[in-house]
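Residue numbering for the sequence shown follows our numbering, starting at 64 and increasing by one per position.
Everything labelled a hint here was simulated from the structure, so no lab data went into it. Every value quoted in this text rests on a predicted model; they were computed, and no experiment measured them. Backbone N, C-alpha and C fix where the C-beta goes; we use that ideal spot for every residue, glycine too. Be careful, since some hints might not be right.
Pairs of lysine-lysine residues, derived as DSS-like cross-links and limited to a Cα-Cα distance of at most 30 Å, are as follows [stated by the list, open to error]: (1) 158 x 204; (2) 88 x 111; (3) 209 x 88; (4) 204 x 111; (5) 90 x 209; (6) 209 x 135; (7) 154 x 175; (8) 195 x 154; (9) 158 x 195; (10) 175 x 90; (11) 135 x 182; (12) 175 x 204; (13) 158 x 135; (14) 195 x 209; (15) 182 x 154; (16) 100 x 158; (17) 182 x 88; (18) 204 x 100; (19) 90 x 204; (20) 204 x 154; (21) 209 x 158; (22) 135 x 100; (23) 175 x 88; (24) 90 x 195; (25) 135 x 204.
Pair ranges (Cβ atoms, derived) [stated by the list, open to error]: (26) 214 x 100: 31 to 39 Å; (27) 187 x 147: 25 to 33 Å; (28) 148 x 121: 15 to 23 Å.
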Amino acid sequence: MLKEKGNILLVAIGLVAVLLAGCTKIKDISVTSCEVKSVTPRGFSALKGVLMIGIDNPAFTFTISDISGVVKYNGEELVDYAGGPITVEGKCERKYELNCIASLANGVSITKLIPLLSKDNLEGVTTDLSAKVMLDNGLHKTLRFKDLPLEQLASSASSATSKKQEKQ
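Can you make the complete structure from the sequences, with help from the hints?
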């Protein structure tokens, strides 16, 4: 009986160690780049596009789906977007195509976006984002973020690329 408890304890400690190691790797997942591959107009108020997203994933394979959100400028909703799915391979770094569509939010005209597009920075531009992340075994979680500053996201991707180049 004592030997069985010892074996169970060893297995439990092993599982915790594996889970903790996996969690550390999850924290190391990073977006290394984001580029517009193509854009196609869809009428006067929407665009269909393909983004190339660079992801460094030292963890396991997962799928991101049901991506949706809204881009806001100083709190005002301007553009609704949706995209996905993409499957991010484990233990590798590569670029993934993300098909997406963006449309003007209700009551917003293209003339309202022109001054924003001519800005040199993304100050005041935020996004609300929702996405479902699913593991190969079927476990999934919907992640929701409010008011993420796009300027910060862009600089994070830029610094991840710089760090990668420094290592090489």
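Do the hints match the structure? See the list:
1. 158 x 204: 23 Å, holds
2. 88 x 111: Violated. Residue 88 to residue 111 sits at ~33 Å, over the 30 Å cutoff.
3. 209 x 88: 25 Å, holds
4. 204 x 111: Measuring from Cα to Cα gives roughly 27 Å; hence the hint holds.
5. 90 x 209: 20 Å, holds
6. 209 x 135: 11 Å, holds
7. 154 x 175: 43 Å, violated
8. 195 x 154: Status holds; Cα separation ~20 Å.
9. 158 x 195: Holds. Residue 158 to residue 195 sits at ~19 Å (cutoff 30 Å).
10. 175 x 90: 38 Å, violated
11. 135 x 182: Distance ~15 Å between residue 135 and residue 182 Cα, so the pair holds.
12. 175 x 204: Distance of about 35 Å is beyond 30 Å: violated.
13. 158 x 135: Roughly 27 Å separates the two Cα atoms, so the pair holds.
14. 195 x 209: 15 Å, holds
15. 182 x 154: 37 Å, violated
16. 100 x 158: 11 Å, holds
17. 182 x 88: Given that 30 Å is the threshold and the Cα spacing comes to 37 Å, the pair is violated.
18. 204 x 100: 28 Å, holds
19. 90 x 204: The hint holds at about 16 Å.
20. 204 x 154: 21 Å, holds
21. 209 x 158: 26 Å, holds
22. 135 x 100: Cα-Cα ~23 Å, so holds.
23. 175 x 88: Distance of about 42 Å is beyond 30 Å: violated.
24. 90 x 195: Holds - the C-alpha atoms of residue 195 and residue 90 are around 17 Å apart, at most 30 Å.
25. 135 x 204: Roughly 25 Å between the alpha carbons, so the hint for residue 135 and residue 204 holds.
26. 214 x 100: 31 to 39 Å: 22 Å, violated
27. 187 x 147: 25 to 33 Å: Hint holds: Cβ distance 27 Å, inside 25 to 33 Å.
28. 148 x 121: 15 to 23 Å: Since the Cβ atoms of residue 148 and residue 121 sit about 21 Å apart, the hinted range of 15 to 23 Å holds.
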